[in-house]
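Student: Sequence:
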Amino acid sequence: MPNDKTASKHSCQLLFSEAIAQPKAMTAQTAPQGHTSPPVDQPTLVTTDRILQEIASVGRRLEAMDLKITELALASSSIRADIAGFRETANNLDQRLSAVEDHIAATPDQEEELKSLRAKLTELEDRRRRDNVRFFGIPEQKEGSDIKTFLSSLLTNHFGIEFSPPPEFQRVHRISPSHKASANKPRPIIACFLRHEQARQVISTAKARQPISLDGHEIRVAADFSRLTNDRGRAFLALRPQLRSLDIKYGLFEPARKPTDDINRRQHAPTLTEDKPQKGTPAEQRS
1 MPNDKTASKH
11 SCQLLFSEAI
21 AQPKAMTAQT
31 APQGHTSPPV
41 DQPTLVTTDR
51 ILQEIASVGR
61 RLEAMDLKIT
71 ELALASSSIR
81 ADIAGFRETA
91 NNLDQRLSAV
101 EDHIAATPDQ
111 EEELKSLRAK
121 LTELEDRRRR
131 DNVRFFGIPE
141 QKEGSDIKTF
151 LSSLLTNHFG
161 IEFSPPPEFQ
171 RVHRISPSHK
181 ASANKPRPII
191 ACFLRHEQAR
201 QVISTAKARQ
211 PISLDGHEIR
221 VAADFSRLTN
231 DRGRAFLALR
241 PQLRSLDIKY
251 GLFEPARKPT
261 DDINRRQHAP
271 TLTEDKPQKG
281 TPAEQRS
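FYI, full-length UniProt numbering numbers position 239 of the sequence shown as 239, with every residue one higher than the one before it.
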């Protein structure tokens, strides 16, 4: 394409040169001997030169435009190739996603198996927590630097428990970060007893002697359950007033059933998993 434009430009220049040369030749042929041809006007020569310059400039611009068009065509081809690659990648991902969804789609048997596994994991976690006891209402910093010694003294002096042998703890600490602590709502303390019998003794004594206070603050005690068990236990909070009105004893046992004692017979109320959980955890409510 650039060669055609150059040839066209040269053709135009030749035509203009011939057009200018012909009057000169004709004048030279028709002029009598002894007479010279009249000179060509200077403005005519200037105008012809400007025309030739403009033609050359137009040719250069056409060549530049042709190069730009070629570059745009190459870029457009690259963009089309990229779009085609993206479309192919999207199709592959869609196929893989569909295959994964088909693979993980739970059948009724699988759902039942998952439910059973979840129940087993919850039971294992509850068993692991069976030596833990939670203490609510103990003011912040009251334990000082030795929280185990403080808790042992609290159980002896305020709960009135005489341990034999003395209580031993695997771990004792407050729950939640310190920046969440406040004077009105101190963080709970959780204690992991070395002996399960001592943990049960603390919970039963707290129920029998409640309310228990420390410097004007009521101390509450509760067993430690998993989150799922606590969520299940919330479903029974609405049932508690009815059991109290009937003077029926109750308690929380995994798997989140409400055993009741009535006329020396143990019965189990149906699981109320569809009820909306109410405020407060069963661990706090049991004390």
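For the record, the hints were derived by calculation from the structure and aren't laboratory data. Warning: the hint list may mix true and false statements.
Unchecked claim - Each pair of labels, with its calculated beta carbon distance range:
#1 Q242 to S145: 43 to 51 Å
#2 L121 to K180: 49 to 57 Å
#3 D231 to R87: 45 to 53 Å
#4 Y250 to N184: 51 to 59 Å
#5 L194 to Q110: 48 to 56 Å
#6 D94 to R61: 20 to 28 Å
#7 I104 to L194: 41 to 49 Å
#8 E218 to L194: 21 to 29 Å
#9 L124 to P241: 48 to 56 Å
#10 I104 to A238: 47 to 55 Å
#11 I203 to Q110: 35 to 43 Å
Even for Gly, the Cβ is constructed at its ideal location relative to N, Cα and C.
Student: Against each hint, give a clear statement of whether it holds in the structure.
Tutor: Now the hints, each set against the structure:
1. Between Q242 and S145 the CB atoms are about 47 Å apart, so this pair conforms to the stated range of 43 to 51 Å.
2. Range check, L121 to K180: Cβ separation about 28 Å, and the 49 to 57 Å hint is violated.
3. A hinted range of 45 to 53 Å for the beta carbons of D231 and R87 is consistent with their spacing of about 46 Å.
4. Taking the beta carbon of each, Y250 and N184 are about 30 Å apart, not inside 51 to 59 Å as hinted.
5. Hint check: L194 to Q110, Cβ distance near 41 Å, so the stated range 48 to 56 Å is violated.
6. A hinted range of 20 to 28 Å for the beta carbons of D94 and R61 is inconsistent with their spacing of about 48 Å.
7. As the Cβ distance of I104 to L194 is approximately 44 Å, the hint placing it in 41 to 49 Å holds.
8. As the Cβ distance of E218 to L194 is approximately 27 Å, the hint placing it in 21 to 29 Å holds.
9. Between L124 and P241 the beta carbon distance is about 33 Å. The supplied range of 48 to 56 Å is therefore violated.
10. A C-beta distance of roughly 36 Å is found between I104 and A238, which places it outside the suggested range of 47 to 55 Å.
11. Between I203 and Q110 the C-beta distance comes to about 39 Å, which sits within the given range of 35 to 43 Å.
Consistency with the previously given hints fails for numbers 2, 4, 5, 6, 9, 10, ordered from lowest to highest.
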